[in-house]
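A.B. asks: Listed here are the chains, written in short residue letters.
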Amino acid sequence: MAIAREAEPIGSLKEVREAGLDRDDLLEVYRKMLTTRGIEERGHILYRQGKIPGSFYTGRGNEASVGVATAMGPDDVGTPLHRDMGVHVARGVEPWRIFAQYMGRVDGPTKGRDGNVHMADSRLGLIAMVSHLPAMLPVAVGCALAFRIREEKRVAVGWFGEGASARGDTHEAMNFAGVRRLPVVFVCDNNQWAYSTPTHLEYATENLAGRAEAYGFEGVVVDGTDVLAVYREARRAIEKAREGGGPTLLECLTLRMEGHAVHDDAFYVPKEMFEEWARNDPIERFRAWLRENADLSDDEEGEIASGVKRLLADAMRRAEESPEPDPATLLDGVYASPEDLDTPHHK
Amino acid sequence: MAEMTYLQAISDALRGEMRRDKRVFVIGEDVGVYGGAFKVTLGFQEEFGAWRVIDAPLSETAIVGGCTGAAMMGMRPVAEMQFADFISCAWDQLVTVAAKQRYRAGTPVPITVRLPSGGGFSGGPFHSQNPESSFAHIPGLKCVCPATPEDAKGLLISAIEDPNPVLYFEHKHLYRRIKTEVPDERYTIPLGKARTHLEGNEITVVTWGAMVYTAEEAARELGDGSVEIIDLRTVLPWDKKAVLESVRKTSKALVLHEDTRTGGFGAEIAATIAEEAFEDLDAPVKRIAAPDAPVPFSPKLEKAFIPQVEDVLAGLRELTEY
Numbered sequence: 001m002a003i004a005r006e007a008e009p010i011g012s013l014k015e016v017r018e019a020g021l022d023r024d025d026l027l028e029v030y031r032k033m034l035t036t037r038g039i040e041e042r043g044h045i046l047y048r049q050g051k052i053p054g055s056f057y058t059g060r061g062n063e064a065s066v067g068v069a070t071a072m073g074p075d076d077v078g079t080p081l082h083r084d085m086g087v088h089v090a091r092g093v094e095p096w097r098i099f100a101q102y103m104g105r106v107d108g109p110t111k112g113r114d115g116n117v118h119m120a121d122s123r124l125g126l127i128a129m130v131s132h133l134p135a136m137l138p139v140a141v142g143c144a145l146a147f148r149i150r151e152e153k154r155v156a157v158g159w160f161g162e163g164a165s166a167r168g169d170t171h172e173a174m175n176f177a178g179v180r181r182l183p184v185v186f187v188c189d190n191n192q193w194a195y196s197t198p199t200h201l202e203y204a205t206e207n208l209a210g211r212a213e214a215y216g217f218e219g220v221v222v223d224g225t226d227v228l229a230v231y232r233e234a235r236r237a238i239e240k241a242r243e244g245g246g247p248t249l250l251e252c253l254t255l256r257m258e259g260h261a262v263h264d265d266a267f268y269v270p271k272e273m274f275e276e277w278a279r280n281d282p283i284e285r286f287r288a289w290l291r292e293n294a295d296l297s298d299d300e301e302g303e304i305a306s307g308v309k310r311l312l313a314d315a316m317r318r319a320e321e322s323p324e325p326d327p328a329t330l331l332d333g334v335y336a337s338p339e340d341l342d343t344p345h346h347k
Numbered sequence: 348m349a350e351m352t353y354l355q356a357i358s359d360a361l362r363g364e365m366r367r368d369k370r371v372f373v374i375g376e377d378v379g380v381y382g383g384a385f386k387v388t389l390g391f392q393e394e395f396g397a398w399r400v401i402d403a404p405l406s407e408t409a410i411v412g413g414c415t416g417a418a419m420m421g422m423r424p425v426a427e428m429q430f431a432d433f434i435s436c437a438w439d440q441l442v443t444v445a446a447k448q449r450y451r452a453g454t455p456v457p458i459t460v461r462l463p464s465g466g467g468f469s470g471g472p473f474h475s476q477n478p479e480s481s482f483a484h485i486p487g488l489k490c491v492c493p494a495t496p497e498d499a500k501g502l503l504i505s506a507i508e509d510p511n512p513v514l515y516f517e518h519k520h521l522y523r524r525i526k527t528e529v530p531d532e533r534y535t536i537p538l539g540k541a542r543t544h545l546e547g548n549e550i551t552v553v554t555w556g557a558m559v560y561t562a563e564e565a566a567r568e569l570g571d572g573s574v575e576i577i578d579l580r581t582v583l584p585w586d587k588k589a590v591l592e593s594v595r596k597t598s599k600a601l602v603l604h605e606d607t608r609t610g611g612f613g614a615e616i617a618a619t620i621a622e623e624a625f626e627d628l629d630a631p632v633k634r635i636a637a638p639d640a641p642v643p644f645s646p647k648l649e650k651a652f653i654p655q656v657e658d659v660l661a662g663l664r665e666l667t668e669y
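If you're matching them up, the sequences are chains A and B in order.
Residues 1 to 347 (our numbering) are what the first sequence spells out, left to right.
Residues 348 to 669 (our numbering) are what the second sequence spells out, left to right.
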């Protein structure tokens with residue numbers, strides 16, 4: 001029997017308004033989702049052209065992560081992962097810098113020091129992930145601890161996958177956050193496959209959100225292909241944390257629609273599973289909802305699509321103009337200097 | 348000036364920084380109500396409150412990871428590992444996250460992790476280790492190993508001020524044994540600057556932490572004033588210049604540490620001397636370290652494990668006669 005609450009889908013425009021989004025906001029969410037997918041589709045092209053060193057990872061099927069980012073306040077912070085491009089896009093990272101990051105150029109957020117989605121713009125309240133998932137959960141909890149010590153009404157959002165839920169960092173982070181009722185929201189991108197490992201080999205319970213109860217806070221399972229439900233639940237959790245209500249574990253259920261990385265054809269995922277979840281494509285679902293509930297017209301739809309296309313074409317051009325890093329800078333920044341602390345955070 | 352034990356100097360420095368800078372907070376197991384396993388933070392919670400002297404669950408990963416997040420949000424966390432040995436549980440947060448964040452993401456991580464380290468009182472394999480060499484291999488970290496009360500204070504203040512993750516190894520065998528004058532005022536000691544503990548002209552001993560005193564006793568027993576002791580104070584960064592200058596003067600070098608031998612930090616020092624001062628040497632570089640074994644529990648075995656005065660004395664005699 002499930003312990004966690006299962007979130008209902010959002011039905012009408014009225015309900016969405018109550019959850020805090022007006023029609024313009026909705027169109028913006030749609031635009032960000034299209035941008036997210038567009039970036040990753042173009043990443044595949046760049047990869048095939050041999051312009052992306054190393055490997056390439058996408059979050060196809062997880063574009064509803066835009067909903068979580070939309071629910072965050074401007075001063076909130078988060079630690080998005082490699083399936084959460086939508087979070088970077090929604091927080092305002094310029095797409096050309098993402099392409100530059102993919103290609104290891106100096107204008108990527110890591111200036112070529114790290115690859116793929118191992119990036120973040122700290123000015124936008126994001127913290128760059130590491131490969132050792134879910135190592136960023138304790139870090140997110142630490143951000144929340146700082147907010148709690150200073151009694152600031154800010155919230156940290158920590159992402160992890162269902163695979164990483166099997167590691168001890170998850171437990172330590174959630175337990176500590178629960179004990180201290182810290183303002184943090186744990187978002188699990190449950191895309192059902194950790195590389196080739198299915199969920200039943202990662203955890204033995206019906207869902208992961210049910211674990212929250214054991215840590216003394218609320219767990220919610222939400223359809224991770226329904227951006228509006230994701231948004232509403234994320235907002236509830238974030239505002240609850242902001243008001244001192246402690247953490248929430250939000251499990252967003254979706255399917256990783258591509259391999260673990262570009263080299264992986266995901267032969268181990270049953271074909272029927274892909275077919276079933278393809279019918280729940282987050283972008284297509286939201287587009288249909290907008291047409292039905294928010295009078296999205298052909299003109300508007302076309303305008304948004306062509307706007308995204310233009311944005312990304314320009315972004316790819318600009319990123320390709322970005323130089324590769326100079327080997328003379330190899331050792332720059334291994335250590336921080338006192339001037340590095342001259343940031344709004346460290347004042 | 349007041350006379351202080353090594354432990355009091357650490358406590359004094361930490362209290363001073365917490366009074367001076369509200370961004371500084373302490374987190375660890377039993378650091379609050381209990382005042383820490385070694386009482387370094389005794390009375391801190393009464394003075395600073397439960398949100399600046401935080402009793403954490405038994406979760407080293409959450410403690411160090413939490414410090415990393417808090418530091419990114421502008422705090423200056425000081426974590427206490429109850430014993431340096433337990434830092435293994437937080438390896439990933441230090442090495443994977445904190446050490447690399449500045450380089451790859453531009454984000455400084457100004458945290459200090461206090462590590463009560465070292466043996467000498469039957470702590471056994473899990474309460475006696477000196478894990479500084481493991482971390483001295485990690486670019487992005489700094490490793491501090493004070494030997495005197497004066498350095499314990501100045502180096503801790505520097506560690507807290509430093510914009511990088513700093514591991515502060517405080518030797519448990521020095522806590523109450525070493526008591527000297529410590530300046531009352533706030534002062535810092537630059538990380539990466541060695542100290543000459545004893546001056547001499549014939550043999551250079553390079554060491555740090557509690558071994559400084561073992562070396563000193565051996566030198567006094569040798570009794571001819573020939574030994575110069577360089578106390579590194581920090582092993583990452585380490586003061587290569589001071590070591591090479593001394594070796595060029597004395598032409599003989601003995602590298603001494605309490606950690607085990609193979610891959611211990613002494614190997615790096617010996618290699619550097621061989622590379623850069625070979626022409627100045629009158630004898631092969633001598634290394635004295637613990638043998639490659641876990642730290643044993645029995646007092647008899649532990650004494651055989653940790654380098655003793657007579658071991659160092661034998662090494663010095665060997666070099667004298669070479």
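Keep in mind that the hints were calculated from the coordinates and are not lab data.
For each residue, glycine too, the CB sits at the ideal point set by N, CA and C.
There may be inaccurate statements among the hints.
Claimed, not checked - Chain A side only, calculated, beta carbon under 8 Å to chain B, not exhaustive:
(1) Ala120
(2) Arg123
(3) Cys143
(4) Gly168
(5) Asp169
(6) Pro327
(7) Leu330
(8) Val334
What the hints assert, rightly or not - Listed next, the in silico EDC-like pairs over lysine to aspartate or glutamate satisfying Cα-Cα at most 20 Å (straight line):
(9) A:Lys240 / A:Glu15
(10) B:Lys369 / A:Asp342
(11) B:Lys369 / A:Glu152
(12) B:Lys369 / B:Glu532
(13) A:Lys309 / A:Glu28
(14) B:Lys596 / B:Asp639
(15) A:Lys14 / A:Asp24
(16) B:Lys369 / A:Asp299
(17) B:Lys650 / B:Glu568
Claimed, not checked - Just the calculated beta-carbon pair ranges, DEER-fashion:
(18) A:Arg318 / B:Pro486: 47 to 55 Å
(19) B:Lys369 / A:Asp265: 36 to 44 Å
(20) A:Gly244 / B:Arg367: 48 to 56 Å
(21) A:Arg318 / B:Pro641: 54 to 62 Å
(22) B:Leu389 / A:Gly73: 38 to 46 Å
(23) B:Lys526 / A:Pro327: 46 to 54 Å
(24) B:Gly570 / A:Val179: 52 to 60 Å
(25) A:Glu206 / B:Thr443: 26 to 34 Å
(26) A:Gly168 / B:Asp629: 22 to 30 Å
(27) B:Arg367 / A:Pro327: 39 to 47 Å
(28) A:His263 / B:Pro404: 34 to 42 Å
(29) A:Glu151 / B:Glu528: 35 to 43 Å
(30) A:Ala204 / B:Pro486: 39 to 47 Å
A.B. asks: Now look at each hint and say whether the structure bears it out.
C.D. replies: Structure-based check of all given hints:
no.: 1; hint: Ala120; result: holds (6 Å)
no.: 2; hint: Arg123; result: violated (10 Å)
no.: 3; hint: Cys143; result: holds (4 Å)
no.: 4; hint: Gly168; result: holds (6 Å)
no.: 5; hint: Asp169; result: holds (5 Å)
no.: 6; hint: Pro327; result: violated (15 Å)
no.: 7; hint: Leu330; result: violated (10 Å)
no.: 8; hint: Val334; result: holds (5 Å)
no.: 9; hint: A:Lys240 / A:Glu15; result: holds (19 Å)
no.: 10; hint: B:Lys369 / A:Asp342; result: holds (17 Å)
no.: 11; hint: B:Lys369 / A:Glu152; result: holds (15 Å)
no.: 12; hint: B:Lys369 / B:Glu532; result: holds (19 Å)
no.: 13; hint: A:Lys309 / A:Glu28; result: holds (15 Å)
no.: 14; hint: B:Lys596 / B:Asp639; result: violated (32 Å)
no.: 15; hint: A:Lys14 / A:Asp24; result: holds (14 Å)
no.: 16; hint: B:Lys369 / A:Asp299; result: violated (56 Å)
no.: 17; hint: B:Lys650 / B:Glu568; result: holds (19 Å)
no.: 18; hint: A:Arg318 / B:Pro486: 47 to 55 Å; result: violated (32 Å)
no.: 19; hint: B:Lys369 / A:Asp265: 36 to 44 Å; result: violated (55 Å)
no.: 20; hint: A:Gly244 / B:Arg367: 48 to 56 Å; result: violated (29 Å)
no.: 21; hint: A:Arg318 / B:Pro641: 54 to 62 Å; result: holds (56 Å)
no.: 22; hint: B:Leu389 / A:Gly73: 38 to 46 Å; result: holds (40 Å)
no.: 23; hint: B:Lys526 / A:Pro327: 46 to 54 Å; result: holds (52 Å)
no.: 24; hint: B:Gly570 / A:Val179: 52 to 60 Å; result: holds (58 Å)
no.: 25; hint: A:Glu206 / B:Thr443: 26 to 34 Å; result: holds (32 Å)
no.: 26; hint: A:Gly168 / B:Asp629: 22 to 30 Å; result: violated (53 Å)
no.: 27; hint: B:Arg367 / A:Pro327: 39 to 47 Å; result: holds (42 Å)
no.: 28; hint: A:His263 / B:Pro404: 34 to 42 Å; result: holds (40 Å)
no.: 29; hint: A:Glu151 / B:Glu528: 35 to 43 Å; result: holds (41 Å)
no.: 30; hint: A:Ala204 / B:Pro486: 39 to 47 Å; result: holds (40 Å)
In summary, the structure is inconsistent with hints 2, 6, 7, 14, 16, 18, 19, 20, 26 from the numbered list given earlier, while agreeing with the others.
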